[in-house]
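One line per chain: the protein sequences are L and Z, in this order.
Going by the numbering used here, the letters in the first sequence line up with residues 1 to 288, in that order.
Going by the numbering used here, the letters in the second sequence line up with residues 1 to 499, in that order.
There's no promise every hint is true.
Pairs of lysine-lysine, BS3-like flavour, derived with a Cα cap of 27 Å [as the list claims (entries may be wrong)]:
#1 Z/K167 with Z/K331
#2 L/K64 with Z/K445
#3 Z/K429 with L/K64
#4 Z/K39 with Z/K135
#5 Z/K262 with L/K255
#6 Z/K337 with Z/K327
Negatives, chain L to chain Z, calculated, CB over 10 Å [unchecked claim]:
#7 G86
#8 G96
#9 A103
#10 G118
#11 E156
#12 A256
Derived by calculation from the structure, the hints in this document are not laboratory data.
From the three backbone atoms N, C-alpha and C, an ideal C-beta is built for every residue, glycine too.
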Amino acid sequence: MSRLPITKTPKVYVGGAFIRSESARTFPLKDAAGNFFANIPQCTRKDLRNAVEAAAKAGPGWAKRTAYNRGQILYRLGEMIEARAGELADAIRLGGASEAAAAKEVAATVDRLVYYAGWCDKYEQVLGNVNPVASAHFNFTVTEPMGVVGVIAPDEAPLLALVSLIAPAITSGNTVVALASSTQPYPAILLGEMLATSDLPGGVVNVLTGFRKEIVPTFATHTHLRAVSGVANAEERKALKLGAAESVKRTHLLKAEDKTDWLAASAQSLYAIRDTLEFKTTWHPIGA
Amino acid sequence: MPTLTEKKTTRSGRPAPELIFGDLWEYDPAPETADPKLKARYDLFINGAFVAPKSGKYFDSINPANEQKLAEIALANKDDVDAAYAAAQRAFDTTWGKMPGRERAKYLYRIARLLQDRAREFAVAETLDGGKPIKESRDFDVPMAAAHFFYHAGWADKLEYVAPGHKVAPLGVVGQVIPWNFPLLMLAWKIAPALAMGNCVVLKPAETTSVTCLKLAEILQDAGLPPGVVNFVTGFGETGAAVTGHPTPAKIAFTGSTEVGKIIMRSLAGTDKKMTMELGGKAANIVFDDAPLDQAVEGIVNGIFFNQGHVCCAGSRLLVHEPVADKVLAKLKNRLKVLRVGDPMDKNTDLGAINSREQLKRITELVASGVKEGAELYQPPCKLPTKGFYFRPTLFSGVSMSHRIAREEIFGPVLSILTFRTVEEAVEKANNTAYGLSAGVWTDKGSRILKMSTELKAGVVWANTYNKFDPTSPFGGYKESGFGREGGRQGLLDYCQLT
Chain L
1 MSRLPITKTP KVYVGGAFIR SESARTFPLK DAAGNFFANI PQCTRKDLRN AVEAAAKAGP
61 GWAKRTAYNR GQILYRLGEM IEARAGELAD AIRLGGASEA AAAKEVAATV DRLVYYAGWC
121 DKYEQVLGNV NPVASAHFNF TVTEPMGVVG VIAPDEAPLL ALVSLIAPAI TSGNTVVALA
181 SSTQPYPAIL LGEMLATSDL PGGVVNVLTG FRKEIVPTFA THTHLRAVSG VANAEERKAL
241 KLGAAESVKR THLLKAEDKT DWLAASAQSL YAIRDTLEFK TTWHPIGA
Chain Z
1 MPTLTEKKTT RSGRPAPELI FGDLWEYDPA PETADPKLKA RYDLFINGAF VAPKSGKYFD
61 SINPANEQKL AEIALANKDD VDAAYAAAQR AFDTTWGKMP GRERAKYLYR IARLLQDRAR
121 EFAVAETLDG GKPIKESRDF DVPMAAAHFF YHAGWADKLE YVAPGHKVAP LGVVGQVIPW
181 NFPLLMLAWK IAPALAMGNC VVLKPAETTS VTCLKLAEIL QDAGLPPGVV NFVTGFGETG
241 AAVTGHPTPA KIAFTGSTEV GKIIMRSLAG TDKKMTMELG GKAANIVFDD APLDQAVEGI
301 VNGIFFNQGH VCCAGSRLLV HEPVADKVLA KLKNRLKVLR VGDPMDKNTD LGAINSREQL
361 KRITELVASG VKEGAELYQP PCKLPTKGFY FRPTLFSGVS MSHRIAREEI FGPVLSILTF
421 RTVEEAVEKA NNTAYGLSAG VWTDKGSRIL KMSTELKAGV VWANTYNKFD PTSPFGGYKE
481 SGFGREGGRQ GLLDYCQLT
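Take these sequences, add in the hints, and give me the full structure.
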C-alpha cells in the first residue's frame, strides 16, 4: 500500500507567526482541474486591524535598520524564493498557469527582489539632496518611510504582483499589510513561509488571504495605514479614496482594468519606492 | 539630561537689571507711502484678458486694517470657470504645451523681473488687501514670490534632471486654489512650478485677498505670456468648488485648511485626478535647556507672530524643557511687551491686522476656550486701533495636550506653552497630533538636533531657526498636513507625469 502524503494547512503570516483567521473561517481552494486543494483562511476586518497593529509595532525597528542591512534582507528573501522556486511554481500552476509561465513568474519575482534590494542604500542618494538656499543656512532634504502601508494585490500574477507591490514599500523601511490574490491565494501562503526565513523581522510584512469585498473597505478607513498601494477596480478605487480623505491617506492605485504587465521592466521603479516616502527638509544656520 | 546653562550674573553677583525700551519713547508714525496702483474694480483674468463675470456680480474686498472698501472683485460662476478651463486647455494644446522649455523659461524669467520692478507697489497692495505688516510684504512675500518664478524658470529647459531614469511630461491643465495668508507668494508657489513643467493653470485666490493675484495678471500681460496659459477666477467657496470639481484639470493643487482639503479629496474620489494638498499644522517648537535662549525667544516670537500667526507652519505649540521654562516664559513676556501691534502700513509694525472678521472671531473663540479649559493667559497691554481687525499677541502657559488650544490650528497670534523633561517626552508630545507640517528645535547639541530632526514627524524641521523659506527648499507635510511638496526638485515632480 502506498504511503498517504500529509497535506499542509495553509496559514497566513502575521506578526511573524502563522495564524488562522480570528473568525476561524476558511474557504476551499480548488486546483486548475477543479479538485479540492486546501482550505484557505478567510481573513476579516479584525484580522486586518490585528495585522496593522503588528506592522505598526515592527515599524520603528525596521525603519532604523541600516540601509545596507535592509538590502541584505531583501536579497535573502530572493535567496529563499530561488531555493523553493519549484514549489512556488507549482502553487502558481494551481491557478492554471503553464509550467513555463509559472517558472517565469517565480524567476521574475526573485529578480524583482534583487532589484529592490539594490535600491535600499541608493534611492536616498537619488531622491534626496542639499538645497542651495539664498541665506546662511545648511538645508537638506531626506526621505523617510511613511509608516504602515496597505497593499492590495490583484488576482492575477499572484506571486509577482504581490511581491512587486510589497518590495518597494519595505525597501525604505515601511511595514506592510497585504491582501493576497483572492482567486489564487496559495502562492502568498508560501511566500509567508519564505518571509519567515529571510531574516525579515516579524511584522514587517503581513499577508492576509480572503475576499476583497470584505477587507478592502477597511483598507480604506483604517487611519493607521498611512498609504495604500495596489490594484483596484473603479468601485474599489472610489471607496479607497473616499476613506483615504478622512485621514489624508496617500493612495497609489493601479486600475484593475489596465491589466498591468508585471513581467515588464516598467513594473519596477525607483518611483514606486518614492510613492511610500515622505520628504523631510531640515534647516540649520551656518555660523560660528 | 545634563543642564548646560550657567547662571548669568553681573560682577557684583546681582542679576542684571532688565531694560525694556519699548515704552520709553513714543514712536513717530512711519507709514509706507508708495502707490499700490489699485483699480476700483477687478475683472476675471481669462484667456489673457480681463473679462467681466458672466453673472455681472462683484463683491467688495476690504482693507482689514480699517474695514474700508479697497476694490470690487468679480464673482466667477460655473460658466466663467468653464471658460477659464477652455482657455487653459486651448493654450496647452496650441502654444504652451508645445513650446520648447528654454522659451517657457524666458517667460518665467520675465515675470520674475517684472515683479521685482514693481515690488514696492505689490507690497503695499498686499498689505492693504490682507493686513500683514508692510515690512513682511516688502521684505518677504514679494521678493520671495519673485524668487520662486526665477528659480523655476531655470528648470523649464532642464526637466530631464527632475526624475533620473525617466522622461517627464506635463500633466496638462491644473486647477489651483490658494489661501489668504500669503496671497501672492502662494500664487507663485503654485504657478511657477506648474508653468515650468509645461502645464496651464486655472487658479482661484482667496475671496479676501484677490488683489495682488489680479495685479499679477497685469504682469503676465506685460510679459507677453500666451493667452490662456494662466487664468484667474475670483470668488468664494462655490467658485473654488467649481475649480476643483471641473472635469478638465488633470490635477488639483490646494493649499488651505485640512477640513477643506478633506472635502476636496472626497469630491475627487471617483476621478483619476492627481492631487497635492498643503493643509493645516500645529507645529511644536521645542526649546532645550542648553539652547541660546535669547535667540530661541526671537525664534519663538518669529515662529508664532510672523504674519499674525496666519501661517500653516507656525510654531504654535512651544515645548520648553522644564529647567528653563520659567526663564523662557519671563523672557517671552518681556519680548511681547515691545511688539508693536497696529497699522500694517507702518514700517515699525510687528503685528498687523487679522485678515478678516471671520478669522478674528475664530481666534477669539479658541482663546476663550483656552481660558475656560484652565490655561493661563498673558497678553501685553498694547493699544489696538479702534477700527479694523486686531488681536493682541497671546501666550498661554500651563497648557496640557488635551486642551483645544494645543490640538486645533488657531491660525492667529496665539502661542500655547507646554513643558517636557526628556527628549523622549518632547518627541512624544511633538508628534502627538494629526498634523505633521513643521517643527522647530533649539539646542546647542548637534547630535540632539539630528536625533530630533529624525524623530519628528514633520515635513520641515527648523533647527535653531524658524519660519525660513526658499524656492529651492521643498515644503509640505506629513499625515493630515497634506501630501506632495512645493519647491525644489521634489516639488516639480508633483507637476509632471513620468513617461
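Hint-by-hint comparison with the structure:
1. Z/K167 with Z/K331: violated, 54 Å
2. L/K64 with Z/K445: holds, 21 Å
3. Z/K429 with L/K64: holds, 21 Å
4. Z/K39 with Z/K135: Roughly 23 Å separates the two Cα atoms, so the pair holds.
5. Z/K262 with L/K255: holds, 23 Å
6. Z/K337 with Z/K327: holds, 16 Å
7. G86: Per Cβ check, L/G86 is outside 10 Å of chain Z; nearest 34 Å; holds.
8. G96: L/G96 is indeed farther than 10 Å from all Cβ atoms of chain Z, at 32 Å.
9. A103: About 29 Å separates L/A103 from the closest Cβ of chain Z, which puts it past 10 Å; holds.
10. G118: The claim stands: L/G118 keeps its Cβ more than 10 Å from every Cβ of chain Z (closest is about 13 Å).
11. E156: holds, 21 Å
12. A256: holds, 13 Å
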